[in-house]
Every structure is written in structure tokens, then in C-alpha cells.
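Novice: Each chain, written out:
There are 2 protein chains.
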Amino acid sequence: MKKAYEQLQTYLERAQAFQTARVLFEWDNETLAPKAAGPNTSKVVGTLSSEYFSVITDPEVKRLAEECKEEALTETEKAIVRELTEEIEKLERVPAKEYREFSELTSESARIWAEARKNKDFESFAPTLRKLVEYTKKFASYRAGEGQKLYDVLLDDYEKGFDMKALDQFFGTLKDQLVPFLKRLTESGGTVDDSFLAGDYSEKDQEAVGRFFAEYVGFDFDRGVMAVSAHPFTTNLHNKDVRITTSYNDHVDDSLFSVIHESGHAIYEMGIPDELTQTLVGTGASMGMHESQSRFFENIIGRNRAFWVPVYEKLKSRFPGQLGEVSLDRFVKAINKVEPSLIRTQADELTYSLHVLIRYEIEKMLIEEDLDVEELPRIWADKYEEYLGVRPRDVAEGVLQDIHWSQGSFGYFPSYALGSAFGAQLYAYMRKKMDFEGLLESGRIGEIREFLRENIHKYGKLKTSRQFLKDVTGEDFNPRYYVDYLTDKYGKLYGL
Amino acid sequence: MKKAYEQLQTYLERAQAFQTARVLFEWDNETLAPKAAGPNTSKVVGTLSSEYFSVITDPEVKRLAEECKEEALTETEKAIVRELTEEIEKLERVPAKEYREFSELTSESARIWAEARKNKDFESFAPTLRKLVEYTKKFASYRAGEGQKLYDVLLDDYEKGFDMKALDQFFGTLKDQLVPFLKRLTESGGTVDDSFLAGDYSEKDQEAVGRFFAEYVGFDFDRGVMAVSAHPFTTNLHNKDVRITTSYNDHVDDSLFSVIHESGHAIYEMGIPDELTQTLVGTGASMGMHESQSRFFENIIGRNRAFWVPVYEKLKSRFPGQLGEVSLDRFVKAINKVEPSLIRTQADELTYSLHVLIRYEIEKMLIEEDLDVEELPRIWADKYEEYLGVRPRDVAEGVLQDIHWSQGSFGYFPSYALGSAFGAQLYAYMRKKMDFEGLLESGRIGEIREFLRENIHKYGKLKTSRQFLKDVTGEDFNPRYYVDYLTDKYGKLYGL
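Protein sequences, first through last, are from chains G and E.
The numbering of the first sequence is my numbering, which starts it at 12 and goes up by one.
The numbering of the second sequence is my numbering, which starts it at 12 and goes up by one.
For the record, the hints were derived by calculation from the structure and aren't laboratory data.
Hints are not guaranteed to be accurate.
For identical chains, the list gives no copy identity; a pair is met inside one copy or between any two copies.
Claimed, not checked - Pairs of lysine-lysine residues, derived as DSSO-like cross-links and limited to a Cα-Cα distance of at most 30 Å, are as follows: (1) K325 - K215; (2) K344 - K73; (3) K13 - K108; (4) K171 - K194; (5) K176 - K348; (6) K80 - K54.
Just so we're clear, the structure is a prediction, and the values are computed from it rather than from any experiment.
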């Protein structure tokens, strides 16, 4: 008689195959698929989702998962069964028909969003967004525990251990500390010239530079590809097929840092060991943990003066006309210019978390306070004016800028700010253990990456973000490190 | 109580989704996937294949398909049930274990073939090829009717109504007529200068030209994409997502005519109506019928002087350095240059079917006469010498040139020659019904395409190729048209 755990494997392989196929369809949809393909392809994706749903909610799977708990399992096996049990609980409460409808909706909605954004036409996306919110709330209500808030259900999906109470506190700290600091900084009158980062940067050259820096920070092109999409993202079929995208405009720093950011995500997934990939624990621990890595590579490494010491000449040689006369210090100041702005993905490191704060507050209103989607453009604009002092002229640079809601992802945004804070806490610890800036200056970035791989990536989903922070830094999550990192770095750069 | 036919739909949708996902993985593998992805992705594709197998061989599916036959079905529904029944019969006789072993073998064997071809090393592929032949024969033997030859079982998969008896006759006609004609032509001593087709044709310009001509002949870029792969091919997820590839070298005509060829395949699939797409009859009728369209666009249209009258200036303006001094007539002669050669995919229109003839004769020997694969390189070379007067110097330009056998496709090759002959028969009929060359000369290619759509494409798999020929031209298949077309066209071009 085979062990229950072994019997489970056939089911898990099937679930894995359906998920992987869905990932490929999503990738294809964002990067290549012809525009008329939508509805027909959605049917296929809907069927694959239903198949996934059927496997996970198969009573036999539940029985085997229960039976496993009596068997002598390794830690990894236990973690897989734990993940499976959570997935079962998450799905079994949702009626199969609704799950399928939602899958079909989300496979269409990103396209509708992209079109609406292009046309700066919120109305054409509003009905879809309303449906997405309704499904999200309904599904959360099926899963909510006794007295549990719906938004807390969603937050838990992306980041275990961080509910509204924890996030109110976290964002409260940021608001209290960063808003006045930002005010001091902008009023200090120091202006930074970053005009040379915009101009005649050809797409071809930007792509070549992007590939160079992706590889330089550790992206392995034998195990990954880089393509173009409207909104940069990372996805992966498994640890040997990890894909990033970027987009190009006339600001060279936009594509450059988006590539380094997505490479951070990719390096995480490429660092998952063969024993874990294609299992339920074979991916990054959480959205926040993922952002901790991508933003670590983008900001803590990529916007660090030390990082540029060995490679700035390389960049200059590709763009002699634009950067030939620009010194390393002027360049580093420019890529760290603080300027309250409208687009989250282009925000500087200091104001970034305020963009996230706005989304957090709006999501709470959408999910907890029945805010109608029609109100969104106005509320969005008001909050930007309040926290950042800027007001979008249209919805493309306002409420339609992010893809997340169009994919049915609510509760995801806070991870961006949490991830940045996790990264800062890791950085503070690493600086005590190694000559961080010295390694960067001598081009030995591989040793930094190796630390992250050894302490984080190789564990996949075997730990939560809070456990990682404790195990690596010896301390629970502490947002103080993030605030200190930012005020210290930008205090120095702006001579405050 | 739902009708059996309705109950079948859920199964068919699932089978369709698994197949579509496999198609996307194949496309991705040929065009983009990183090189290390292979083994992990193969597991996923293997699982999707097994799922397809399970659905089709589910006893409940067979029962419902039987029950359907008592119900009042439309013609389309009947055709779908007929296709399903054939697919069941094809798969249910193969033990699941062997089917999976064969799937795993074929997911590896194309790689082994590619490596062997690169190294010009037949021995490294021979054991795999031997296994492929063995599985093919075994599977055919499971399915063979009383007294039916194994190769006839395989031929029937690609082209219903054409068994060895029919093909011996068809290829016999070609051999009798074309081999002496070719001899006369090559001995006539007329040489054609096509040197200007090779040279400094940049990939970027070739791509732009390819896109122009794809669109000009009717490829709809809202419903399709064009990419690059080692060997040009067409695939489709459904009628609104049809994909072609090409490859670029310094011969502009290679990419140009491969794009027009693949566009012919694509236009066929784009012409499948919405009611049929994503069903078992929602694709081209047969391999031969497909080739009849692709080779119709490539040769009968694309290598026709009339085709170039309105667009040759367009091509010239893109390549003024290379074509500026070349007259339309010289260009048309060059793209129709006859020259016995070694590589099928680069063969001219006249000698093409002799390449196919050789493969047909060899496949018969492999499947029916127990020819050992070790003999292949020699037999291949001998036949090329006999029919075409050229002898390969190595296996890369000999027996290892085609991917088909490495994918387990035996019985496919004859479709290429049949398709060309179907096309010629359609052409002969169309010339009686419309001013074919006049339409081309005035750029009204859409009217020709419309005829094909209306008479062929829109029926999907509702008819066999023989039925199409009868219904459209009023006559059963007649290879005479093909021979006449070739001897007439090339007799004139070469002044014979």
C-alpha cells in the first residue's frame, strides 16, 4: 500500500501542470498574443482554471492530505501538505461555477484595462472593475473566519501575519516620519539636475543596457528570457524558466531600474532549488518577501553609489552623447532624485511608500466601506494632492496606472511597502556582517546575491516573511530600519 | 435529461483546453523558451498529454459518443462525433503506459535529432529513430483493420482516401512525367541569374517586407503574430490566434516565400468560422489540404508574374541597392529558377515533389519492408542521385534534414506533394471561373482569397480533401493538372 503522501503526488502534478499552463497563457497574453484572441483564449484558460479547481477540491485529495498528517514526513513534505491544506480551504468554499466565471473575467479584464488606460477612459473599465471587486468580496466572505474582516482575508493571502491592525501601524509610522521628512527635504530648496536621463535613448540601446545589467546582477539568460510588455513584470514556469519584461520610453532610468527590479524577482525564483521547484512550496515565500528582493536589487543595490563605481563607465560608453560629460556623482544624485510624482512605478525610493499608502487606504474603502468604483478617479486624485502635493491630469496617470486590480489582485499593494521595509532590515543586518559597499565597489555583487540565496531564496515557501526576518536578522519585523535607512540616505544626499 | 451530445461538451472542452495548452507550449519552445527549461517543462507537457489521453479514452465519453448517434444532430454535430469516434479508436487501442512512453520519447527525440544534425552524426540519432519506427509500427498494428497494411494506417491519419495504392499511382505519374521533363530542362542549357537574391539583405528589412507581404496576401495581424524560429512553421490556438514563424539568412527569397507559404496556412485557419473553431472539426481538413493552401499562396500566387506586377516596385524601394537595376522579368525568372538540389524546404517548385517521392519510397521501406535505419544514409543518397542527380556530402544535407521523423511523424511527407497537386487542380478550375492573373495584376488578391475561404476554409474539417476537390472542381482528384501546370509554366519560362 502506497503512502498517502505518494498517492497525493499524481494530483499535485496535475494541479501544477494546469497552473503552469495558466502562467504561460498569462505571459503570452501580456507580451505577444494578437488582440482579437481574447475571448477564445479565455475559454481555454477558464477550463484550465476549472481543472485546477477540481483537482484541489477533489474529496480524495482532502482525505489524502488529512491521512498524510499521520505519516512520517520530512519538513519539506510537511510544508507541502500545509500549503495544500490552505489551498483546499481557500477553494473549497468557492462554488466551482463562480470560480470559473471569475477566471474568465480576469483573463479578459487586463486587456480591457489596458485599452481604457490607453484611451484615458475610466468609464470603459469601471463595469469590469466593479465586477472584480464584487467577486473579490464575495470570495473573501466565503473564507472569512468568525468576525474576520474581508480585507484581512485578502491581506493574509499576500502576507501572512500582516492584517489591517499591523498595517495601520506600519503605514502610520511611515506617514508620521516620512511625510514631515519629505516636506523638509522639498523645502530645503536643493534641486537635482536629472535632465540628462531623458532624451534620445534608443530602444535598442536601452535593451542592450538592460540585458547587460540584468546579467550583471545575476539574471541567468540560459534560464530566463526578457521581453516587452505595457507594465513590467516577472513570472516563471519553474526555476529554470523565469521571465521578465520591461517597457521603453525616453527616460533611460525607467527601463534600467525596472530591469534591475524584475531581475531581483527573477533571481529569487532562479534560486529556488530543484527539490522544491514545481511543488507547492517551490516559489517565493510571499509577495512582500518577493518585493524585498526586487526592491533590494533596484534600490539598495542599484541606486547605491558603490554599485556604479565599477560599471558606470560601461553605461557611459553606450550613451556618450547623453552621459559623456556627466560625472559619477551627478549620475548617482540624478538616479536618487526625490520628486513627488504621479506614477508609482516611476516614483523615487523615498516617496514610493506614500504611493502604496494611498492604494492601501483606497483598497480598505473599496472592500470594507463599499466605496463605489465611480468615485475612484476623484478620491485617487484627492489623496495624491494630500500626501504628495500633485494631482493627476487624467486617469492614465491616476487610478488606471496599475494593472493589479484588473487582474483581481486586491491586498497586494501593501506588500510593496512591506517588502521595501523587509529589505532595509536585511540590509542593516548585512552591513554588520560584510563590507556591503566594498563588495559592490569591487564588482563582487555575487557574494551579496549568494547571501540572499543561502539565507532566503533556497527555502522557497518553507518559511513566512516574519520567520525569515527572525532567522536571518535575529529580530522580528521592525519598520524602524526602513525609516532610518531612508532618512539617513536622503538626509546625506540632500545635506539635511 | 440532457442530450448525450450536450453532456459530451464538457469532455470536449477539456480535451480542447489540454491540446491548446500543448500547442502554446510547443510554440513557446520553438520561439522563446530559455534553453535550460526543457526537462521541467517536459514534465508539464507530459501531464497535459496524459490528461488529454484520459479524457478521450474515458469510457463515459465512448458511451456518450455512441448514444449521440441516436440523437437528431446537425451535420456539424455529426462530424464532431465522427471525429471524436475516430480519435477514441485511435487512442483506446494504445495502452496508456505506451502512449506516455512514446510522448516522452518524442519530447526528447527532436532535441537528439537537432544535435545529431548539427554534428552531422547519424549514429547518435539512429537508436532513437529505430525506437520511433518501432513505436510507430506497434501503434499502427494496434489500429490496423483486417489485412490493412501498417503504412496505410499511417497515411490515413494525414490524408483520408490516399493509401499506398493511390500514392503509388500518383507518384508514378510524377516520376514518369517530371523526371524526363526535368532532364530536358536542365539539358537545355538555359541558365538563370538569381545572384541578386542573395547579399546584404538586413534582417530588419526582410522582416518589414515579410510583414508587408503577409498582410498583402491576407494575414490579419489583429488575429495573428509573426515570430522567428529555426524552421518556419504555422500553429494556432484557434481562429483568432494564428501564428507564423520565419527565419532569416542572406537569401531574401527564403524568408519572403516562407512568409507567404506560412501565411497560406494561417489564412486557412483564420478562415475557420467561429461556430467551428475550438471544436474537433475546427481546423484545416487534412495535412494535404493545408499544404494545398500554403503552396497555393507560395507558388501559384507568390511565384506568379502577375502577383508581382502591382508590388514589385514596393520590394525594390526597400532594397534599391540590390534590386534597383533588376527588371520585373528578371526577378520573376530568378524566383522560379529550377535547380536540382539537396534540401527539400529550399527546393524549387518543379523539383519539390521529387524530394517528397524519395521520402515516400523510404518510409514504405521502413514501415513495410523492415529496412534497418542503419541503411538510411546510403539509400537516401542513392535516391537523390538517381532522381535529382545530386548526392549529399553529409547526413545534415541528407537524411537528417527534416524534423518529421524525429517527432514520430511517418506518413506525413506525401501530403506535401498531394497538397501541391490539389492546389494545381483548384487553380485550373479557378482560371476558368475568374480572370485569375488579371485579379493579381490589379492587386485584387482578396477576391482569390475569398473564393478559397468560401469554398474551402469555412468548412473546416467537415469534408475530406477528395470531397473538396469534387465539390469545388466537379472532378475527383486528378494529378494530370499538377503535371500540366508544372510543364506548362516551366516550359514557357525555359522556352522548351
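Novice: Determine for every hint whether it applies to the structure shown.
Specialist: Evaluated hints:
1. K325 - K215: Classified as both; 16 Å inside a copy, 26 Å across copies.
2. K344 - K73: Answer is neither: 56 Å inside a copy and 70 Å across each miss the 30 Å cutoff.
3. K13 - K108: So K13 and K108 pass the 30 Å test across copies only (18 Å; inside, 34 Å).
4. K171 - K194: Neither. Shortest intra-copy (33 Å) and inter-copy (78 Å) distances fail the 30 Å Cα cut-off.
5. K176 - K348: neither (33 Å within a copy, 78 Å between copies)
6. K80 - K54: Between copies only: 27 Å across chains, 37 Å inside a chain, cut-off 30 Å.
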